[in-house]
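> Going by our numbering, the sequence shown opens with residue 1, and the numbers climb by one from there.
Hints in this document: simulated from the structure, not taken from any laboratory.
Take the hints with a grain of salt, since some may be wrong.
What the hints assert, rightly or not - Cut-off 25 Å, straight-line C-alpha distance, at most; resulting in silico cross-link-like pairs (PhoX-like, lysine-lysine):
#1 Lys204 - Lys171
#2 Lys521 - Lys485
#3 Lys457 - Lys717
#4 Lys457 - Lys521
#5 Lys387 - Lys425
#6 Lys697 - Lys387
#7 Lys195 - Lys171
#8 Lys521 - Lys84
What the hints assert, rightly or not - Pairwise CB distance ranges, derived in the manner of DEER restraints:
#9 Pro389 - Asp182: 35 to 41 Å
#10 Ser360 - Asp112: 32 to 38 Å
#11 Asp250 - Arg378: 27 to 33 Å
#12 Glu434 - Ile583: 23 to 29 Å
#13 Arg74 - Asn186: 40 to 46 Å
#14 Gly446 - Lys84: 24 to 30 Å
#15 Lys116 - Ile206: 32 to 38 Å
These numbers were taken from a predicted model, which means no experiment stands behind them.
Even glycine gets a Cβ: it sits at the ideal position worked out from N, Cα and C.
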Amino acid sequence: MMSLDAALQTFYVEAQEHLESMENAFLQMDDGDITKDILNDIFRSAHTIKGSAGIFGLDHIVNFTHVVENVLDRARENEITLGKSLLDILFSCRDHMQSLVGVTLEEFQQQDELQKVGITLLQTLIPWSNEAPSDNEESVDEAAGNVQNSVSDMANVAESTEELSDKTNGKYWHISLRLSADCLRNGMDPLSFIKFLASLGEIKHIESITDNFPQAADFDAENLYFAYEIALQSEADLETIENTFMFVQDDSSIEILPPSAKIEDYLALIDKLPEENRRLGEILVKCGSLTKQSLEQALMVQTRDSIIGDKQGENGNKKLGEVLTEHHKVPEQVINAALSKQQKNQKTNTEGKQIRIDASRLDLLINLIGELVINQQRIELLSKNSKNPALIEAVDDFDDFTNQIRDAALSLRMVAIGGTFQRFKRLVRDTAKELGKEIELIIEGGDTELDRLMVEKLGDPLTHIIRNAMDHGLESVEDRNAAGKPSKGQLKLAAYHEAGHIVIAISDDGNGINKARVKAKAIEKGIINADMQLTDNELNHLIFHPGFSTAETVTNLSGRGVGMDVVKRNVEALQGNIEIKSIEGQGSLFKIRLPLTLAIIDGFHVEAQNTHFIIPQATIIECIDLDNHQDVKGRHCINLRGDMIPYLNMSEIFNLSSTTKTFDSEKNTNENKQQKVRNELVIVQFGGDRAGIAVDKLNGEIQTVVKPLGPIFKALKGIGGSSLLGNGEIAFILDIPQLIGLAIGSEVAGTSEITSISKEVD
């Protein structure tokens, strides 16, 4: 059974999901899409949060949400109009509900500011609330007080009106009886229990359920196959009724609903019933919410309305649930619950099912799969050394299964980026309102999937870029009109696959980056010299320098030079890079390129001075023999079929030395010198940039598990992680974007003097 803490944690998770759903629905309505279905979705989300919070005694959530729920219900019933002003308030109410979900009742009682926010919001809801002042000119403050003071009372009244005890003037008990299959074999007669119940009052209705009755060949006369739903009118107390079943209660399932049972109790009972594929009326009869006579009457009314409707040329085919509700045979909520169960039972077994899994368990699975990959490589190495054909074949099969398990496990961690994109709709709406601008957010490729850990870490970088685009890039309505542009600016978020990577593109049709201002500000801050000649790409990337800002005034959004440097740092931490394209007067484009996953990658194993490196396979274009290509004089650069390709030498860049143990003989000295000769060049590409990586040896393709480096290595550039090879040795995973940037920078500088990264760290 789930513990209270676990159940409460589930409530918080599900409440957050409902709040996100509410925000998305409000944003749809803000765009003009105000429909009954959307209103119903919002109402259901609020109602679910309130009901679930009530179970755990979170009255601060229940009280506030109940008033919001009333306003939403009035909008559903067309009693009020959901205009712009009310929508703005409901946005704020949704945010306050999120704040309430984030604190316990005790914490809420200690936070005066949070309480004041709630009271203020309730006051603003007065014109649309059913607690609004009437024509007696009651003051707004007094009305607000009435709303606040009556919240708890309204919740109690709402519950009392949902009580089912008003079905008759008597005290009705509902008994759901599932006796043990061994009841008869143990000498117990179900009829005796029913007769005793009759002695306590009057059995108004009994329904025998035969779903478990077997085929004739499987029938066992000593087995009990019947279940019962009983409606008992009696003045007896609960203990007396329970004692009826004292001899069978240990191995039976017995549910007793008292006369004071509420809708929620019947909903819970419906959910517990084991029977499947039952018609709506039968489910309601079992729950005691509807008698057989009422069901037959409803069916007659349904038939009559259908005939009359057909004669009048109207759609008279009313659903049974609608008929039952209209004729007050059963509350609407019980109808909805029964329909929900009926729909669930009618679903085919081929439909996909979803389960909620703790993220830590998923991470543990990925780690175990990583260890499996490492051990598979070890077994593969041992099998090749054994030269046993049967063993090698078996290991190859094992390798295929390992790959399938790896891919299946990694797919569990892949999530669509669309959920993250959707959250920025609210940010764009509120920021545009604050800036007095008209901005439309366009989302493309929301179904593109990438690693969950990467999605979580993309939030901050995307937020900074989007806020900067709205503040610096997109113009005011007046400026856009003067420039001959549409008054509403466009901001686009897109995601797509490109060359084995994920690309997140953020673009706008604003005024672009003012390169002259960027250069002037960079010179002013001493970032560059006045006589330096920079390419457009280099100028654009100056905005990522810490403390850099071209804003003339500091605002709530920007101007302090904080943010874009964080963007670059966070993206590089994800083994990605950022490309900027901008045309003054037309707009800007930021492209973030990221690997598909950070856990297990396909790599290419190389060596330099007996040090092992892994190059992500998705970045490799080709491998060539460096000895057959001449360096461009004075530069680390070769001419490859007419293209100038800068390259880095791993031995130089990481200051590697030979690990040969003996140097006594001339032979060993020559071998040592030969080892230092670079002779293999791996051409890599990331985005539109290409470079070469010079190594001593190519060992071929390999699956590798990415292990993060310790804090001591954080300053080490060019290395994105480490991995353990099948033979037990350590291999370093190269950070290709950083190395390409270093190679291009060295080539542009026109020098072969490259400072080793190891010295730079020192």
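> Would you pick out the hints that fail for this structure and give their numbers low to high?
The structure conflicts with hints 2, 4, 5, 8, 9, 11, 13 and 15, although it agrees with all the remaining ones.
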